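K.L.:
Sequence:
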Amino acid sequence: MRIRVVSSKDEITELNPTERIVHLAFRPSNVDFLDLMRSCPRLRAVQVPPSYHKTMSKAIKLFLEMQGIDLLEGDVWGHRKDIDEYYVVDEEAIEEIGTLIKQGESIEDASAAIQRKTRLAPDLIKYIAKSKLTA
Numbered sequence: 002m003r004i005r006v007v008s009s010k011d012e013i014t015e016l017n018p019t020e021r022i023v024h025l026a027f028r029p030s031n032v033d034f035l036d037l038m039r040s041c042p043r044l045r046a047v048q049v050p051p052s053y054h055k056t057m058s059k060a061i062k063l064f065l066e067m068q069g070i071d072l073l074e075g076d077v078w079g080h081r082k083d084i085d086e087y088y089v090v091d092e093e094a095i096e097e098i099g100t101l102i103k104q105g106e107s108i109e110d111a112s113a114a115i116q117r118k119t120r121l122a123p124d125l126i127k128y129i130a131k132s133k134l135t136a
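Counting in the working numbering, the sequence shown runs without a single skipped number right up to 136 at its last residue.
Rather than coming from a laboratory, the hints here were simulated on the basis of the structure. Please read these numbers as outputs of a predicted model, since none were measured by experiment. Keep in mind that a hint or two might mislead.
[To be verified] Below, a list of computed lysine-lysine pairs in the PhoX-like style, where the Cα atoms sit at most 25 Å apart: (1) Lys-133 to Lys-103; (2) Lys-131 to Lys-59; (3) Lys-118 to Lys-133; (4) Lys-133 to Lys-62; (5) Lys-10 to Lys-62.
The whole structure should be built from the sequences, with the hints applied where relevant.
P.N.:
Next comes the structure, spelled out in structure tokens:
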């Protein structure tokens with residue numbers, strides 16, 4: 002799974018329209034979210050750092066929910082944008098999440114177990130688990 006890391010609002014217009022998951026590494030405004038949805042019509046999830054998540058308006062959270070876009074809270078630990086514009090989630094971690102879910106683990110328990118092994122954000126783990134349940 003690849004997550005496109007966006008460092009500034011100027012990059013939004015240059016995004017590939019097929020992007021599905023985006024991490025915003027800057028404090029986005031409501032207009033930035035609207036521009037993001039316009040640039041990436043297939044968008045399924047947006048991840049923002051915890052400090053930015055706390056300051057987001059309820060209106061944009063509701064709007065994202067209405068559009069079917071999951072808002073995830075978390076960071077992309079150890080990622081360097083100057084090397085690669087994508088943060089890649091290990092396939093082993095995704096498979097392990099799927100295995101735990103298939104074994105009957107709750108999403109919360111699977112999230113806690115995976116978080117101990119990896120540095121993935123809990124919301125991202127839950128998003129992957131939900132996508133494995135619906136797949």
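K.L.:
Look at each hint and say if it fits the structure.
P.N.:
Hint check:
1. In summary, the hint linking Lys-133 to Lys-103 is supported, as the alpha carbons are separated by about 9 Å, within the 25 Å threshold.
2. A C-alpha spacing of about 23 Å is found between Lys-131 and Lys-59, which places the hinted pair at or below 25 Å, so the restraint holds.
3. Only pairs whose Cα atoms come within 25 Å are accepted, and Lys-118 paired with Lys-133 is accepted, the gap being roughly 19 Å.
4. For the hint linking Lys-133 to Lys-62, the alpha-carbon distance of about 24 Å falls within 25 Å, and the restraint holds.
5. Distance check on the hinted pair: Lys-10 and Lys-62 sit about 18 Å apart at the alpha-carbon level, within 25 Å; holds.
Checked against the numbered hints given earlier, this structure breaks none of them.
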